[in-house]
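Visitor: Each chain, letter by letter, is given below.
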Amino acid sequence: MSTVRVEADRESCISAGRCMAANSSVFDQDDDGIVVVRTTHPAPEHRDSVRKAAYLCPAGAITLRSAP
Amino acid sequence: MTEAPPYPQPRTCPYEPPPGYAEIGERGPILKVRLYDGREAWMITGYRESRELLTHPNLSSQRTHPNFPIVAPRFRSQIARTLALIAMDPPVHDTYRRYLNPHFSLKAVRRMRPELERIVKGYVDEILDHGPPADLVRLLAVPLPSLVICRHLGVPYEDHEFFQDSSGAVMLGTEEESATAAQNLVDYIDSLVADQVKNPTDGLLGTLVRERVATGDIGHDELVSIALVLLIAAHETTSSSLALGIITLLEHPDQLARLHAGPSLLPGAIEELLRYIATTDLVATRIAKGDIEIAGRTIRDGEPVLVSGTLANRDPAVHGDADVLDITRENPHHVTFGFGIHQCLGQNLARIELEVAFHELLTRIPTMRLAVDVADLPILGAGTVQRVLSLPVEW
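Heads up: the sequence lines are chains A and B, in that order.
Using our numbering, read the first sequence as starting at 1 and increasing by one per residue.
Using our numbering, read the second sequence as starting at 1 and increasing by one per residue.
These are computed hints drawn from the structure, not numbers from a lab.
Ideal Cβ placement from N, Cα and C applies to all residues, glycine included.
A couple of the hints might just be wrong.
Residues of chain A placed beyond 12 Å of chain B at every Cβ, according to the derived structure [as the list claims (entries may be wrong)]:
1. Arg18
2. Ala43
3. Arg47
Stretches of chain A that chain B covers, calculated by requiring three or more beta carbons in the stretch to come under 8 Å of a beta carbon on chain B [as the list claims (entries may be wrong)]:
4. 6 to 16
5. 30 to 40
6. 60 to 67
To give a feel for the contact side, a few chain B residues facing chain A, derived at Cβ under 7 Å [said to hold, decoys possible]:
7. Lys198
8. Pro200
9. Thr201
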């Protein structure tokens, strides 16, 4: 099974926090409320919640790429 | 061509769509509707199409545009057309939003939980002291969001009745009442900001004075307009969601029983209630500033467009049994807080207020039930916040 690489665009982030609500071990917010990716290659068990995070981001700030 | 149906329409049940929306949904995901003033606007009723529209670069919130859709007379006023953030496009919108994000982020809001729990406990103490029947609108749903936003902004709570009444009139009054109430609020906030400039305190207003006004990022009047929007937006929406959420749960005893049996289901139940209730009915009023292709149709430059949260949240293309309340629904996706760059700044604060309030009520008044038939609850509102005027419960 392929893994994913998680990228977050801190410029377009609007601090909605949907990513962190979906998975707080992969996504965090800094003091400005802006997204921080804690682990760019999350373990396979996080796959569904990371997908959900990307889907729910209102600003389209989260991109998932397949990682080798 | 079929005639454009009227939108919005009043609900007959506090938490169910108006009967006339079924036909509108069937004609979706995009159609033309007729507004109260006789003008027509595009209406998006599909969930996926709502997301697509609300992230489209040609979508504008410029309410001063002559074709901007006006869904009720109160939105004609100058104040309604120039609201900070809500009636703004980038780049100014994004700049303001960045000033506020740190104070409404999920992390910031989670830090507020202990204080929220204390506040809610106090209100539920009062409800129990009062005894049945108790009006949950007066004793909890109205004062809770008011106290929370006053504390967060650093606004004196002694004036909460003024804020509650004024924000209610702005959102739900006639055109004249709404404009007068908004002006009264502006005058009041203007003096608060002047006080904060002289002597900034710990709340958000004082922080913005120190971090943004003192530095010259924004002026006095800009802070007044931002504070106005925060106060108005915080009051009615949360208050109504709380009251309508309680009614909905009490009217679905099977779901309520599941929640009693599994308190950890509460966060998911709140998302499902937000989906189901669609408190604001309309989640977006916009104008196209360039052509927008959506669902095989073209919204032309300068044409008005609306998004129905009520219908998008119950889109059968996305949700199985969309009209069924299921607190364990796997993906209770909704656009109740909007989508795109304007998605509700206060969404996390609203969620946590609902969570803390529901938890306290379910735990301490587990046998709570409506004291009157749901059909006899006085309801108000079409096209913006759905409101219930009183909510008598007994136990």
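Visitor: For every hint, state whether the structure bears it out.
Guide: Status of the hints after comparison with the structure:
{"no.": "1", "hint": "Arg18", "verdict": "violated, 8 Å"}
{"no.": "2", "hint": "Ala43", "verdict": "holds, 22 Å"}
{"no.": "3", "hint": "Arg47", "verdict": "holds, 15 Å"}
{"no.": "4", "hint": "6 to 16", "verdict": "holds (count 3)"}
{"no.": "5", "hint": "30 to 40", "verdict": "holds (count 4)"}
{"no.": "6", "hint": "60 to 67", "verdict": "violated (count 1)"}
{"no.": "7", "hint": "Lys198", "verdict": "violated, 27 Å"}
{"no.": "8", "hint": "Pro200", "verdict": "violated, 19 Å"}
{"no.": "9", "hint": "Thr201", "verdict": "violated, 21 Å"}
In summary, the numbered hints that this structure violates are 1, 6, 7, 8, 9.
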